[in-house]
Amino acid sequence: MSGSGEVIGAALILIGAVFSLISAIGNVRLPDVYTRSHAASKSSTLGVLCALLGTLLYFLISDGYFSIRLILGIFFVFLTAPVAAHMICRSAYRHHVPLAEGTVQDELKDYYMENENMELDSEDQIDVTEIESKPLATD
Amino acid sequence: MKQNDVILQSVTRVAVVIILTFSIYLFMNGHHHPGGGFIGGLSTAAAIVLLYLSFGIEKVRENIRMDFKKLAAIGVLIAVGTGMTAVVFGKPFLTQAFDYFNLPIFGETELASALIFDTGVALAVIGTAVNIILSISEDR
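Chains as they are written, first to last, in numbering that gives the first Met the number 0: chain F, 0 to 138; chain Y, 0 to 139.
For the record, the hints were derived by calculation from the structure and aren't laboratory data.
Because the structure is a prediction, the values reported are computed rather than measured.
A hint or two may mislead.
With beta-carbon atoms standing in for the labels, derived distance ranges [said to hold, decoys possible]:
no.	chain 1	residue 1	chain 2	residue 2	range
1	Y	A72	F	D109	52 to 58 Å
2	F	F77	Y	N3	20 to 26 Å
3	Y	I104	F	Y111	53 to 59 Å
4	Y	F105	F	T79	30 to 36 Å
5	Y	L49	F	A23	25 to 31 Å
6	Y	T94	F	V17	52 to 58 Å
7	Y	I104	F	A83	35 to 41 Å
8	Y	Q95	F	R89	50 to 56 Å
9	Y	V75	F	L107	49 to 55 Å
10	Y	V13	F	I87	16 to 22 Å
11	Y	V13	F	L59	50 to 56 Å
Anything over 10 Å on all C-beta distances counts as not near chain F; from chain Y, calculated [as the list claims (entries may be wrong)]:
no.	residue
12	H30
13	L102
14	S112
15	E137
C-beta atoms are modelled at their ideal positions from N, C-alpha and C, and glycine is treated no differently.
Only chain Y is shown next, with the shape it has when bound in the complex (with noise of 0.2 Å):
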């Protein structure tokens, strides 16, 4: 039985669009601002996990070739990495350092390291939270 779901799918394409948009804010405001990594990847993960349900899983993962499980793995090695970096400066583990940069567009920006372990933060979520779905969603 084929189904009709225009209304659903072209909701799904406005929506995940709005809530990627969010996810991203929340995940660079969280140095200053309610945030982080760790809301900003499941709200990802929450954008993708919709994009399977109204448009089917064969159909999403034709589009987004990434495999989550190396996600996850890559997003603990920048973790473990960034904490590594102060080791290698002769610092203790997980050390941070910020400064302030003048860039081309946004002027004076802090720029901090706790920036980059929040990048593996969240991509660690994301690539755990869409895989324990994947997994539970096949019959294997």
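Just chain F, same shape as in the assembly (with noise of 0.2 Å):
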């Protein structure tokens, strides 16, 4: 009985794993702070999930042991990564930071200007450029 339960979890906790990788390439590969946190977010959300689950069902299997803990991580991090990731890019929208290249809508921006009023000058748009061609404060 104890086999079954070794490949259960194995494979729940490699499709974890395989899921925060792919979430990691996404965080390397995308373009901007918005696809970047939607990459980050879901994926490796799924990817712990995954892994925890893995965990829970071979102890559970294998040693008959129902850990609740790992069912408080799981909902715990089900219930505040997204979170997270919605305060991150809301913060990094209201610190005017660039939408990528080819972006075409943004819909956001009209309800902003007309209720959150503030001005978009363009001494507090962040410029990327400037800020990685900027030299390190040395001492």
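Build the complex from these two chains, which are given one at a time in their own frames, with help from the hints.
What follows is the structure, encoded as structure tokens:
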């Protein structure tokens, strides 16, 4: 009976690791903050959930031990990781982080200019090239 | 500028319940499993700091009417008091005792005086951590 537990647990943990790898590749390859947060939040959440579920099923089948902490961890990650991505994206938008090059539509912009009453002057705009070309401060 | 924090606040309401439950679990488990007063107190303080972050300091202060400086002092007093109780009974300072009792719901349970010491540690940790965060966040 312990063989099937190992197979199911290992398969789920492998799926979780593959999803985490896809998420890391997406973080490197995608152009701006918003698409990167899309990759980082969705697929790494699913990867962590698969790994935790594999661990839970492994201990449940092979040892007969039902870990309530793993259930709690699954629920907690599922609850909080998307909210963290939402808050990061929102604060990035409020600090005028530019969208990617090929963006054709920004539906939030009209609402944002109307309701939040923030002036989008060019001084406030974060210039990515300027940050990258600036030398590091040395003592 | 009025901010719209509905998502953060409603998730915080659920998450704080989970964090507080888990910190009580850690606190009660400390005798036989990983956990104990320090980590239980720290995770309780983390839940309180999460409340401060999402609801603002003034609103939380209206609802949790607790002086965290006094809470830290009470914790240290409880911890020293359990040590002094052993002295009263003629044993060395901080001697522990444990026994088995038949409680109505739990059945036969091991109750140790180390739990009271841990309560003192947890209260001191909660009071100190929250007090540090609060005094950093105020501009005075």
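Hint numbers contradicted by this structure: Hint 11 alone not satisfied by this model.
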